[in-house]
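Trainee: Here the structure of chain A is known, so what remains is to put chain B in place on it, guided by the hints.
If you read the sequences in order, they're chains A and B. First residue of the first sequence: 20, per my numbering; consecutive thereafter. First residue of the second sequence: 22, per my numbering; consecutive thereafter.
Treat the hints as calculated values from the structure; they're not laboratory data. Where hints are given, some of them may not hold.
In silico EDC-like pairs for lysine to aspartate or glutamate, Cα to Cα no more than 16 Å straight-line [to be verified]:
#	chain 1	residue 1	chain 2	residue 2
1	A	69	A	81
2	B	336	A	286
3	B	336	A	301
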Amino acid sequence: MSILVDAGTRVLVQGITGREGSFHTRQMLAYARAQGESGARIVGGVTPGKGGQSVEGLPVFDDVVTAVAETGANTSIIYVPARFAADAILEAAEAGIALIVAISEGIPVWDMLPVLRYLEGSPSRLVGPNCPGVITPGVVKVGIMPGHIHLPGPVGVVSRSGTLTYEVVWALTQAGLGQSTCVGIGGDPVSGTSFVDVLRLFQEDADTAAIAMIGEIGGRAEEDAAAYIADHVHKPVAAFVAGRTAPPGRRMGHAGAIVDGGVGDAETKIAALREAGVLVADSPDEIATLLAERLGTAHV
Amino acid sequence: MRLHEYQSKALLAAHGIPVPDGEVAATGAEAAAVARRLGGRVAVKAQALMGGRGKAGGIVLADTPEEAEAHAARLLAEGLAGAPVHRVLVERAADIYAELYLGLVLDRRARRMVLMACPDGGIDIEEVARRHPERILRLPVDPAIGLRGYHLARVADHLGLSRRGDVPRGDPPVGERPVDERPEDERPVGDPPVGDPPVAPTDDALAAIARGLYACARANDATLAEINPLVVTAEGPPVGATGRSPLLALDAKMVIDDSALYRHPDLAAGRDPQSESDVEREARLAGLSYVKLDGRVGCMVNGAGLAMATMDVLKLHGGEPANFLDVGGGAREERVAQALRLILSDPAVAAILINIFGGITRCDEVARGVVSALRREARLLEEATPVPVVIRLVGTNEDEGRRILEEAGLATAATLAEGARLAVAAASKRPLAGGGR
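The following block holds chain A by itself, in its conformation from the complex (with noise of 0.2 Å):
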């Protein structure tokens, strides 16, 4: 019924103490106690300095490998400042936490290199960071999109866009088309999961029927996604890619987003989407209205 997250999830929050940490917290346990008995569970968080302080009910902790020994996390989502998340995902992986989601904007380049380097040899995810975390609608909430604009259902969704999510979200709400898991991956330029492994995971998953996936100019994510899809994929895609207009050589807004040396921009990613099957579509909310026809007559 999803991926990455699910009934059995359990969540610590690294950074709970802070303005971030502690506001999401908030609005994550609202949705995980909204969902009543099917709801995956907020457990505890770290602080380093603050163990034995509570928040929300919360117990916090001075470090990752105590909490999970007291409260059996399994998942970890990060609202630690940049220059302190590096540690952090490497913290939370030598921990054993199964599932890392970093919320973390800005962290350096060079302090991720050897973050995902030793991740490759360990058997925890990584999603993000600088990015809206992961969702399994009705089910839990590991991030800070708003819960409310989700509805359960037979979509997967990957994106490396926040409100842009919810947007290309909230119209498939509204047209009936609810998600099995959204997954942001994040706007840097180097991350922990990719959009392969995401449409691998949503191909393997039984309840997920379809894919929308949210892409942006920079980088050859979009272009990788292609060439797996059209191997692997048998599930409908839809897809829009942002950026069309964007000037090359300027950041836009993402670390990440940026048409550099002639690589990354918008109309070769659309390109290779369409040539491997995928639906593009022109507007975020034409993702809703392309899937829908698919699904429609899928199931004639």
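Mentor: Okay, now just chain B, sitting in the frame of chain A:
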């Protein structure tokens, strides 16, 4: 943040990479003084953050201080290909035997820095990568082990600088190059070497440069550090106790990771004030992502991806965005007001489209923030010919949010497409400010 050549060379030199003797100059007279000190033939190089500087006439040779002064004064006065030039680098001209390429570049897909080496230097490496990828050796650097001797031996071998006594596979000396009449894409690359280099280059010198390049990039958080060309000189400048080096970094380019600038205050302070407009600088200092574009519809959006998508949808409906602007989460009054000031500082703006996806923040709160920000920037609401504003707000308490906006006399739209249509129509009705841009 991209560094100028002279800044990049200073960082490389600090890591033991030989660069030509030279100094930066801001006036013709300063350039002449540098040329006089260096003596002999010098290169006068415009410091402009653009590719193809040589082709655009930004690199000129001068045989006397008077010539150097004249070239420098001209470049500083006229700029280069429409871009202003505020400094020139005056360097001792190198006696070039062969031109190579050595670079360290972030490979996003591999999640590694990649050391790239190519015996065809001095030309656009991206062009080589497209046409003759086999000419480029790519070595992804594992951050757990860094660059090791066996990596560097492969690089030396690829560049023809190996200890086996091979001569460079690069081009023959500049003065002896025959004129190739064939179109560029039909010319073979990597002709066999002609003659022996006057000073035999060693793999040791190359290894020191490659290690220095990696150390320099890591120390300065560079996501790109390029020496192009790395030249084999007929007679290198003195280096350390060993006397002479046959290799010299003739041109260099570095890009520093913006996310890491907090730990490089010296580099951040050295940002070329001319590399960004006043508006872009104001936006950066206010923590807003703003990129000036050429259209007439100003855009204010929360979130970078949605901001790009908004621009794209404007274009889809026949409009052109005047800017990219991510106002950030929550769309609070203070930031909205600041964003409006930035957008309106562009006289070409004939309409503004505000697109806010109210996520966790409720739409009525966003609407109140937008209205009071608009009131603060009063000319929007009260001037005789205010710049029309179209607002599209979606999320929790959306109806209440729209009611607040409409009571303030603002145009609202239910969808992004409707917002784009309204903004494009409003912009087309408004005459060009001051008779055009």
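Trainee: If a hint holds in the structure, say so; if it does not, say that too.
Mentor: Now the hints, each set against the structure:
no. : hint          : in the structure
1   : 69/A x 81/A   : 6 Å, holds
2   : 336/B x 286/A : 14 Å, holds
3   : 336/B x 301/A : 10 Å, holds
Of the numbered hints given earlier, the model fails none.
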